[in-house]
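Enquirer: Could you slot chain B with the ligands onto chain A? The hints should help.
Below, each chain spelled out in residue letters.
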Amino acid sequence: MAQQKEKPRVGVFVCHCGINIGGFVNVPQVVRYARTLPNVVHAEENIYTCSAEGIASIKEAIKEHDLNRVVVASCTPRTHEPLFRGACADAGLNPYLFELANIREHCSWVHMREPDKATEKAKDLVRMAVARVSLLEPQEEPEIDVMPTALVIGGGISGMTSALCLAGQGFKVYLVERKPELGGMLKKIYRLYPTGEEASRVIGDYVNAVMGHKNIVVLTSANIKDVKGYIGNFEVTVLKEGEEIKLKIGTIIVATGAIEFKPVGLYGYGRYDRVLTQVELEEILKGGKSAIDKRFFKLQRVVMIQCVGSREERPPRAYCSRICCMVAIKNAMIIKEWYPDSDVYVVYQDMQTYGKEYEEYHRRAREAGIRFVSYTKGSPPEVTALPNGRLKVVVYHALLGIRRELDCDLVVLSTPLIPYEDAKELSKMLKVPLGQDGFFFEAHVKLRPIDFATDGIYVCGTAHSPKDVGESVSQALGVASRAAIPMAVKRLRAEAITSVVDESLCSGCGTCIRICPYGAIQKDERGIAKVIEVMCKGCGTCGASCPERAISMRHFKDEQIIAQIHAILRRVAA
Amino acid sequence: MTFEPTIIAFLCNWCSYAGADLAGVSRFSYPTSIRAIRVMCSGRVDPALVLEAFINGADGVFVMGCHLGDCHYLIGNFYAQRKIKMLKKLIALTGLEPERLRLEWVSASEGARFAELVKDFTNQMKALGPSPVAGEKPDPNILENLLAAKAAVEDFRLRVLVGREGEMVDEGNVYGEKVSQEEFDEIMDEAIAAEYIRNKMYIMLKKVPQSVKELSKRLNIDPRNVLRHIVILRQRGMVAMAKVEGTTPLWAALEVGGR
Ligand SMILES: Cc1cc2nc3c(=O)[nH]c(=O)nc-3n(C[C@H](O)[C@H](O)[C@H](O)COP(=O)(O)OP(=O)(O)OC[C@H]3O[C@@H](n4cnc5c(N)ncnc54)[C@H](O)[C@@H]3O)c2cc1C
Ligand code: SF4
Numbered sequence: 001m002a003q004q005k006e007k008p009r010v011g012v013f014v015c016h017c018g019i020n021i022g023g024f025v026n027v028p029q030v031v032r033y034a035r036t037l038p039n040v041v042h043a044e045e046n047i048y049t050c051s052a053e054g055i056a057s058i059k060e061a062i063k064e065h066d067l068n069r070v071v072v073a074s075c076t077p078r079t080h081e082p083l084f085r086g087a088c089a090d091a092g093l094n095p096y097l098f099e100l101a102n103i104r105e106h107c108s109w110v111h112m113r114e115p116d117k118a119t120e121k122a123k124d125l126v127r128m129a130v131a132r133v134s135l136l137e138p139q140e141e142p143e144i145d146v147m148p149t150a151l152v153i154g155g156g157i158s159g160m161t162s163a164l165c166l167a168g169q170g171f172k173v174y175l176v177e178r179k180p181e182l183g184g185m186l187k188k189i190y191r192l193y194p195t196g197e198e199a200s201r202v203i204g205d206y207v208n209a210v211m212g213h214k215n216i217v218v219l220t221s222a223n224i225k226d227v228k229g230y231i232g233n234f235e236v237t238v239l240k241e242g243e244e245i246k247l248k249i250g251t252i253i254v255a256t257g258a259i260e261f262k263p264v265g266l267y268g269y270g271r272y273d274r275v276l277t278q279v280e281l282e283e284i285l286k287g288g289k290s291a292i293d294k295r296f297f298k299l300q301r302v303v304m305i306q307c308v309g310s311r312e313e314r315p316p317r318a319y320c321s322r323i324c325c326m327v328a329i330k331n332a333m334i335i336k337e338w339y340p341d342s343d344v345y346v347v348y349q350d351m352q353t354y355g356k357e358y359e360e361y362h363r364r365a366r367e368a369g370i371r372f373v374s375y376t377k378g379s380p381p382e383v384t385a386l387p388n389g390r391l392k393v394v395v396y397h398a399l400l401g402i403r404r405e406l407d408c409d410l411v412v413l414s415t416p417l418i419p420y421e422d423a424k425e426l427s428k429m430l431k432v433p434l435g436q437d438g439f440f441f442e443a444h445v446k447l448r449p450i451d452f453a454t455d456g457i458y459v460c461g462t463a464h465s466p467k468d469v470g471e472s473v474s475q476a477l478g479v480a481s482r483a484a485i486p487m488a489v490k491r492l493r494a495e496a497i498t499s500v501v502d503e504s505l506c507s508g509c510g511t512c513i514r515i516c517p518y519g520a521i522q523k524d525e526r527g528i529a530k531v532i533e534v535m536c537k538g539c540g541t542c543g544a545s546c547p548e549r550a551i552s553m554r555h556f557k558d559e560q561i562i563a564q565i566h567a568i569l570r571r572v573a574a
Numbered sequence: 575m576t577f578e579p580t581i582i583a584f585l586c587n588w589c590s591y592a593g594a595d596l597a598g599v600s601r602f603s604y605p606t607s608i609r610a611i612r613v614m615c616s617g618r619v620d621p622a623l624v625l626e627a628f629i630n631g632a633d634g635v636f637v638m639g640c641h642l643g644d645c646h647y648l649i650g651n652f653y654a655q656r657k658i659k660m661l662k663k664l665i666a667l668t669g670l671e672p673e674r675l676r677l678e679w680v681s682a683s684e685g686a687r688f689a690e691l692v693k694d695f696t697n698q699m700k701a702l703g704p705s706p707v708a709g710e711k712p713d714p715n716i717l718e719n720l721l722a723a724k725a726a727v728e729d730f731r732l733r734v735l736v737g738r739e740g741e742m743v744d745e746g747n748v749y750g751e752k753v754s755q756e757e758f759d760e761i762m763d764e765a766i767a768a769e770y771i772r773n774k775m776y777i778m779l780k781k782v783p784q785s786v787k788e789l790s791k792r793l794n795i796d797p798r799n800v801l802r803h804i805v806i807l808r809q810r811g812m813v814a815m816a817k818v819e820g821t822t823p824l825w826a827a828l829e830v831g832g833r
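So the protein sequences, as listed, match chains A and B.
Each residue of the first sequence is one higher than the one before, counting from 1 in this note's numbering.
Each residue of the second sequence is one higher than the one before, counting from 575 in this note's numbering.
Next up, chain A with everything else stripped away, as it sits in the complex (with noise of 0.2 Å):
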């Protein structure tokens, strides 16, 4: 039954966040509010409770007027509970015993507008928070081992690049690839951006270091079949070639790239033999001079149209591919180059060439003759093909605002990459989110760009989005570290937010066995139901649905919610 508790000693930090809080809450008066609450002993404001000084703060505070809990109230938990837990720790305080009220994001940030109201939304949140860290009790966190092997899924790019930095740092790693070559999408590519290197080369340089490192077990035609377990310890089934190969894994990584948009029905795609994406163009040009003679005759003239079926109204292809501007730019001058007497036309809606480099990559290409066209998204360009084979373009000026004609031999469209379909299933297998344009979905857009909000799992190269070489690349060394941490480290705290069954309430119906997705609890050979802590991931369905309401969740008590609903409500229950 309950131990006895000590009294709870709540001390409250109000952070200002610079502006972002204090320019819209009134914070002494949250503070000076705190103070009044019951088992609040301290309370005081801080400019940035995150810096250093924060920390300390918060450390000081808890020694000088001996502590048992912390409320700051701040930002969002999601990204900054970790860091007050430290300190909490760090004070000799379990982190548990500390609780975050959201006056930024839930609050400061959305009723700018209305800051007396606003304020009085923060003390509510502070009165809840209060409420509910004085009903925490401390937690544990369970220890478990860490394979020291990554998985890497897609052989492209950027998981050689992965595969390779883990490998070198004394990892095994096993690199899946469900084509017969690793390569992906470069080994479609002729020459690459803005160096002008050949992507074979480059590709072939690093096929050779992955299958030739001893660390590095190369599996292709072999596709993932399915994901159990958790960080540290998933259990992954390969199928390759009809055959089964079961792996213990410590974390992976996902490198499973993106496709073209093939815009069928656009432009006279599909239609007319001389429409290309740049992805058929580049697999002509591969074959040199001689390849695009003897298809297309000479070159007298080509049209490059861009944002073909990218940058559109609503999800899931409203983004900008980033990197068409750059690829047909590089294939523009590839051309004038082979055939210096031709025309080279890039219709555009805008040229985003970003960066230091890639503006002045635009400016070379204007200077070498390349004539760049602008239109507008309400009247696109027009593709119809004369009596004579060629294609005749027609495009309406956006900054002369004129209609020009222009016949030419080769009309090629910049489509944007694109997601594999079945990205949703190896997403369902890994419980990994996609996003609405269907490329896998970082836990924070910039706190956490390469990391899942699932922990051991991370993303890389153009599975996350389109990017070109050197930004897979980075992405690529990125994850290898991030995946490195914990394998090094060995040894993990897992998750203390598990259920716990009360053996003298459970009638052993096993409901919750079988509503646990993750297997996590079982029966004893009393039938009681059992849960196993490492495999808990601690979402509580459990517990809300046993029959007889013999589960309860750690820190995710009822008693502890209710008491943040009586706090909201300011009235004990009838």
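If you're looking for bench data, these hints aren't it; they were derived computationally from the structure.
It cannot be assumed that every hint is accurate.
Claimed, not checked - Derived EDC-like pairs (lysine to aspartate or glutamate); straight-line CA-CA distance at most 20 Å:
hint, chain 1, residue 1, chain 2, residue 2
1, A, K428, B, D644
2, B, K752, B, E764
3, A, K117, B, D694
4, A, K228, B, D644
5, A, K431, B, D644
6, A, K424, B, D644
Said to hold, decoys possible - If you anchor each label on the Cβ, the simulated ranges turn out as follows:
hint, chain 1, residue 1, chain 2, residue 2, range
7, B, S754, A, P517, 18 to 28 Å
8, B, V805, A, K424, 45 to 55 Å
9, B, E757, A, R526, 29 to 39 Å
10, A, K523, B, V782, 38 to 48 Å
Claimed, not checked - Heads up, incomplete: computed chain B residues facing chain A, CB under 10 Å, no partners named:
hint, residue
11, D595
12, A689
13, F758
No residue lacks a Cβ here, since even glycine has one placed at the ideal position from N, Cα and C.
Expert: This is chain B with the ligands only, laid out in the frame that chain A set:
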């Protein structure tokens, strides 16, 4: 002063709470009516917690989870959906407007949707006016009904039905017998009505011992049905005969090992 509803929102950590964070990061403003309680999963929202909020005078309760198929815990939101479906039917019996409870899915990337939903639900609650059990003078009848509803969802039967719905409808029982969704809904509706009335009777008998006839009149249901419920309550050890007045037995509630 115009009426400002108080809305309690249960937000799951991974999607809807993150969506609310994104609304903040994007500076999408919405009414100050909402107070969020973070839970790990929408499936954690025990029906008893929702009723606790209404009993204490919440004007609205908003449960939000990840879109179906996107649950961080795979299927927690399906259980949330079943719980809310059951709760809405139960709440309708108490005299409180079931629209005061709403379930929506909000992903981590849908900050705008979160803000819109809060606006929309707040307007809906404004149009509905304050909860009859909010404020200094809660409607005693509806309050009692809500207490009965809460007791009903704390009891075995409704919980087991909600917890096993998917299994019974999709997979069938140990003998491979499946029930159709319609059949299941019928069983569920019957169970909701029965459990609610039984708990309501229990609360009434706790106040003062009464006869079947009196109960029948107050609850406006057939005395034979009342008697059936009394029999079951007696089997469960919840009521006993207190005394006999003339030839009419009076029933009283027994103290049960409350939690
Ligand atoms: C027309 C075009 C031209 C380009 N030109 C340039 C350029 O000039 N310069 C530049 O820097 N970038 C260029 N890029 C971009 C470049 O191609 C990408 O940045 C790069 O290929 C990304 O590498 P990746 O490894 O992330 O993905 P990918 O190259 O797509 O590799 C992913 C691999 O994963 C495999 N895979 C997918 N799903 C699974 C699964 N479920 N299981 C197992 N394996 C799976 C795929 O078969 C593939 O081999 C161009 C792109 C296009 C479309
Ligand atoms: S703790 Fe959060 S709210 Fe406070 S300064 Fe840091 S970021 Fe801003």
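Enquirer: Run every hint past the structure and note whether it holds.
Expert: Here is how each hint holds up against the structure:
1. With a CA separation close to 8 Å, the supplied pair A:K428 and B:D644 stays within the 20 Å bound.
2. In summary, the hint linking B:K752 to B:E764 is supported, as the alpha carbons are separated by about 19 Å, within the 20 Å threshold.
3. Between A:K117 and B:D694, the direct Cα distance comes to roughly 19 Å. Compliance with the 20 Å bound is thereby established for this hinted pair.
4. Our distance criterion of 20 Å between C-alpha atoms is met by A:K228 and B:D644, whose separation comes to about 17 Å.
5. Simply put, A:K431 and B:D644 have alpha-carbon atoms about 8 Å apart, close enough for the 20 Å limit, and the pair holds.
6. For the given pair, A:K424 sits about 10 Å from B:D644 by alpha-carbon distance, which is consistent with the 20 Å threshold.
7. As the Cβ distance of B:S754 to A:P517 is approximately 25 Å, the hint placing it in 18 to 28 Å holds.
8. As the Cβ distance of B:V805 to A:K424 is approximately 53 Å, the hint placing it in 45 to 55 Å holds.
9. Against the hinted window of 29 to 39 Å, the Cβ-Cβ separation of B:E757 and A:R526 comes to about 34 Å, which satisfies the hint.
10. In this structure, A:K523 and B:V782 meet the distance hint of 38 to 48 Å, their C-beta atoms being roughly 44 Å apart.
11. The beta carbon of B:D595 is positioned within 10 Å of a beta carbon in chain A (closest approach about 4 Å), and the interface hint is therefore held.
12. Look at B:A689: its Cβ gets to within about 7 Å of chain A, closer than 10 Å, so that hint holds up.
13. Using the Cβ-Cβ criterion of 10 Å, the hint placing B:F758 at the interface with chain A is not satisfied: the shortest such distance is roughly 16 Å.
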